[in-house]
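Chemist: I would like the entire structure built from these sequences, with the hints used as guidance.
Chains as they are written, first to last, in the numbering used here: chain A, 12 to 595; chain B, 2 to 167.
Some hints here could point you the wrong way.
Below, in silico cross-link-like pairs of lysine to any residue (SDA-like), each with a Cα-Cα straight-line distance of 25 Å or less [as the list claims (entries may be wrong)]:
1. A:K170 / B:G28
2. B:K110 / A:F193
3. B:K110 / A:N593
4. B:K110 / B:S74
5. B:K51 / A:M326
6. B:K110 / A:T187
7. A:K495 / B:K24
8. B:K50 / A:T180
9. A:K491 / B:N57
10. A:K497 / B:A21
11. A:K491 / B:L56
12. A:K491 / B:A29
13. B:K50 / A:P196
Reference listing, derived: stretches of chain A covered by chain B, where coverage requires no fewer than 3 residues with Cβ under 8 Å from a Cβ of chain B [unchecked claim]:
14. 167-178
15. 187-197
16. 580-592
Some, not all, of what chain B presents toward chain A, calculated at C-beta under 7 Å [said to hold, decoys possible]:
17. L46
18. S59
19. L60
20. A61
21. E62
22. Y64
23. G65
24. F69
Hints are computed from structural coordinates only; laboratory data are not their basis.
C-beta atoms are modelled at their ideal positions from N, C-alpha and C, and glycine is treated no differently.
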Amino acid sequence: MSEFVTLTIDGKEVKAPKGSTVLEAARSAGINIPTLCFLKDINEIGACRMCIVDVGARSFQAACMYPVSEGLKVITNSPKIRETRKVTLELILSSHEKKCLTCVRSKNCELQTLAKELNIKDIRFEGELQNYPIDDLSHSVVRDPNKCVLCRRCVSVCKNVQTVSAIDTMGRGYKTIVASPFHMPLKDTPCVNCGQCIVACPVGALREKSSVEKVWEALSNKDLHVVVQTAPAVRAGLGEEFDYPVGTRVTGKMVTALKMLGFAKVFDTDTAADLTIMEEGTELVDRIKNNGKLPLITSCSPGWIKFCEHFYPDMLDNLSTCKSPQNMFGAVLKSYYAEKMGIDPAKIFVVSVMPCTAKKYEAERPELASTGYPDIDEVLTTRELAEMIKEAGIDFKNLEDSQFDDPMGEATGAGVIFGATGGVMEAALRSVPYLLTGKDDDNVDIKVVRGVETVKEAEVEVNGIKIKAAVVHGLGNARKLLDKIKAGEAEYHFVEVMACPGGCVNGGGQPIQPASVRFDLDLRAERAKALYEEDQGSTMRRSHQNPRVLKMYEEYFEKPGGHKSHKLLHTHYVARENYPENLE
Amino acid sequence: MSCGCCCADTKAQELEQIIAKYKDQRGALIPVLHEAQEVYGYLPLSVQKKIAEGLNVSLAEVYGVVTFYTQFSLNPKGKYKINVCLGTACYVKGSGDIFNKLSEVLKIKNGECTSDGLFSLDACRCVGACGLAPVIMINEDVYGRLTVDDVPGIIQSYFDKEAESK
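Modeler: Take a look at the structure:
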């Protein structure tokens with residue numbers, strides 16, 4: 012039990028755990044202190060001075076960092092505090108590029124909200140505007156330093172959570188800028204495209220590279236057969252863009268909206284997730300039986316793959332050779348589906364809707380075109396799909412539900428949970444006994460691998476073979492686990508790694524929730540609930556029971572790990588240099 | 002500036018020694034950067050990459066520190082390092098104009114080096130010779146009570162010196 016202290020905030024007696032901050036104590040007492048740079052568990056550095064309070068010290072203190080103590084008297088609201096906050100905010104605004112009407116974050120901007128909350132009516136200072144170039148050379152992430160407020164939330168998440176450190180603060184004073192070393196474009200850095208910086212950004216300084224126009228264009232091209240697939244996590248996030256509470260599942264409405272947008276077919280990536288389990292499960296069984304390279308590490312998360320290529324090139328052989336479900340689906344659509352439907356694969360345009368910005372980069376990988384055509388033509392994030400639905404004037408909240416289209420429609424509950432950390436592992440463990448022995452065991456709900464704990468472990472025994480598994484999410488956690496494996500301190504057969512904390516539900520392409528919402532709500536857990544709910548309601552919950560997948564093998568791929576699957580559903584990886592040798 | 006002889010290797014060895022010396026200490030980055038700059042004269046990408054790898058910090062952090070402190074340079078320094086005092090006294094006496102004239106004559110900006118490697122131009126703080134304001138220093142030589150018109154002659158004298166030595 013933690014010890015409590017009693018303090019007074021604005022004359023109100025408040026009990027707070029020892030070691031907590033004034034900000035936390037105030038929020039728990041229903042007293043709102045404004046913040047800008049603060050992002051719970053990620054960036055708590057007191058840089059922006061929005062949360063200043065009077066604690067009886069010589070100067071105002073940042074509530075997000077100031078620890079509570081017994082008898083502490085805090086004032087959060089006085090004329091001087093209000094004026095000081097206003098001056099600070101006006102100074103931040105004075106050099107901010109205020110193109111709010113056309114900003115990607117308009118109406119979802121923490122700076123805008125703050126200006127409203129602090130009742131700023133006039134900016135008394137006219138600051139010089141920087142005229143920095145916009146870095147839009149990455150396939151995934153666009154950086155616009157002119158809108159940056161130097162809160163460092165992106166830097167913290169990149170450095171401390173993901174341990175990638177592709178960006179940091181450079182220079183000093185007025186010339187301070189968040190940038191990559193030597194102001195290189197992000198594409199020349201070890202940036203893994205996870206987009207966690209985007210969802211951490213309070214303003215419009217970071218955004219995804221938009222594919223919206225390209226998709227509109229394809230949809231209006233009568234020569235193309237434009238199909239779409241949606242990843243599991245999208246249905247658990249999309250609703251937030253239409254004011255549903257976090258964690259509301261909107262699968263049916265999403266499918267209807269996609270049909271209204273003009274997609275010829277709406278498919279569920281979960282089907283490919285089931286296919287992934289067949290291939291990856293078979294690969295695992297094969298490696299265990301034939302003394303192959305272990306642990307086998309999952310390859311669904313393209314952010315994780317690029318991380319491994321940059322920082323653990325010696326472990327590339329541990330990666331499953333399976334393509335991610337997104338790309339498996341693309342390859343299936345341009346081979347099996349094209350053949351079955353009698354459509355020229357050159358005319359099939361595959362759009363995928365992903366909770367992920369790294370998927371955009373993955374789609375551009377030259378090796379992922381095993382049919383002779385790129386597996387995927389365009390990737391939209393959950394946010395971009397919402398933009399399109401709004402642009403098309405679709406009244407999302409009042410849509411009827413629809414079903415995914417045949418012939419790849421129905422997926423299993425195992426495919427759905429891919430979107431949450433532990434989901435791939437759980438799905439695999441539901442099928443591995445069958446793949447090993449031809450018989451199912453009783454375990455369907457493998458709850459030990461669920462949840463947001465940083466490392467989760469499980470052990471299953473099938474026919475006397477013990478399979479040790481581990482699940483990590485967030486690349487900093489992955490790094491710790493890999494170092495342990497490399498040092499021989501941990502041994503596993505199978506490891507699931509997801510680049511984003513919480514897995515895909517908390518991906519860099521998901522709706523952006525402000526710090527105030529993230530203060531009270533664990534987005535990772537809330538959105539994951541929606542997926543487990545869909546899984547629970549599924550009639551089929553094991554990938555190897557998916558009749559569509561079985562039919563695909565029967566009609567086309569023959570068997571998991573067979574010749575055709577190897578050609579179309581598997582891939583390879585390359586070691587990558589972290590930075591170029593010389594500057595261009 | 003690499004001169005294309007074996008001294009590049011010697012420098013690389015020196016850098017390795019510097020990194021090894023500080024490797025497991027806290028706060029190693031700044032002393033390593035200082036000593037590396039003494040060896041190379043500046044801190045190019047290749048040197049910063051080696052330091053980042055050697056100290057197990059990110060290149061972004063190294064570059065962040067290098068660009069925070071004015072004493073670290075990303076550009077090579079010239080054979081003749083020109084420092085223009087922009088301290089209060091010199092500035093009031095017109096050293097800003099002197100600086101601009103030098104920039105114009107040498108066709109380089111603050112912190113840069115001419116393509117022949119002869120001159121580099123930097124603005125600096127008070128050099129403690131306010132009585133001679135406005136002041137510039139070229140290596141260890143001090144030039145005081147300057148006017149803009151003095152600048153081309155001073156630069157020319159270094160070109161002449163170069164021609165003589167050849």
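Chemist: All hints, please: hold or fail.
Modeler: So, going through the hints one by one against the coordinates:
At roughly 18 Å between alpha-carbon atoms, K170 (chain A) and G28 (chain B) fall within 25 Å of each other, so this suggested pair holds. With a C-alpha separation of about 18 Å, the suggested pair K110 (chain B) and F193 (chain A) falls inside the 25 Å cut-off, and the hint holds. Distance check on the hinted pair: K110 (chain B) and N593 (chain A) sit about 22 Å apart at the alpha-carbon level, within 25 Å; holds. For the hint pairing K110 (chain B) with S74 (chain B), the CA-to-CA distance comes to about 13 Å; that is within 25 Å, so the pair holds.
Straight-line distance between C-alpha atoms of K51 (chain B) and M326 (chain A) comes to about 23 Å, which keeps the hinted pair within the 25 Å bound. In summary, the hint linking K110 (chain B) to T187 (chain A) is supported, as the alpha carbons are separated by about 20 Å, within the 25 Å threshold. Distance restraint check for K495 (chain A) and K24 (chain B): the Cα-Cα separation of roughly 22 Å lies within the 25 Å cut-off, and the hinted pair is therefore satisfied. A distance of roughly 17 Å separates the Cα atoms of K50 (chain B) and T180 (chain A); the hinted pair therefore holds under the 25 Å criterion.
Between K491 (chain A) and N57 (chain B) the alpha-carbon distance is near 15 Å, which keeps this suggested pair within the 25 Å criterion. Proximity of K497 (chain A) to A21 (chain B) is assessed by CA-CA distance (about 24 Å); at most 25 Å being required, the pair is judged to hold. For the suggested pair K491 (chain A) and L56 (chain B), the alpha carbons sit about 18 Å apart, so the restraint of at most 25 Å is met. Distance check on the hinted pair: K491 (chain A) and A29 (chain B) sit about 23 Å apart at the alpha-carbon level, within 25 Å; holds.
The suggested pairing of K50 (chain B) with P196 (chain A) holds, with an alpha-carbon distance near 17 Å, which does not exceed 25 Å. Coverage of the segment 167-178 of chain A by chain B holds [criterion: at least 3 residues with CB-CB distance below 8 Å; count 4]. With 3 residues having a beta carbon nearer than 8 Å to a beta carbon of chain B, the segment 187-197 of chain A meets the requirement of three or more and the stated coverage holds. Here the segment 580-592 of chain A counts 3 residues with a CB under 8 Å from a CB of chain B, which clears the bar of 3, and the coverage holds.
Contact between L46 (chain B) and chain A, as hinted, is supported at the beta carbon level, the nearest pair being about 6 Å apart and thus within 7 Å. A distance limit of 7 Å between C-beta atoms decides the matter here; for S59 (chain B) the minimum to chain A is near 3 Å, and the interface restraint holds. Given hint, L60 (chain B) at the interface with chain A, holds; its Cβ is 4 Å from that chain's nearest Cβ, closer than 7 Å. Using the Cβ-Cβ criterion of 7 Å, the hint placing A61 (chain B) at the interface with chain A is satisfied: the shortest such distance is roughly 4 Å.
The closest approach between the C-beta of E62 (chain B) and any C-beta of chain A is roughly 6 Å, which is under the 7 Å cut-off, so the hint is satisfied. A least Cβ separation of about 4 Å between Y64 (chain B) and chain A falls short of the 7 Å threshold, and the interface hint therefore holds. The beta carbon of G65 (chain B) comes within 4 Å of a beta carbon in chain A, closer than 7 Å, and the hint placing it at the interface holds. With its C-beta approaching chain A no nearer than about 5 Å, F69 (chain B) sits inside the 7 Å limit, and its interface hint holds.
In summary, this structure violates none of the numbered hints.
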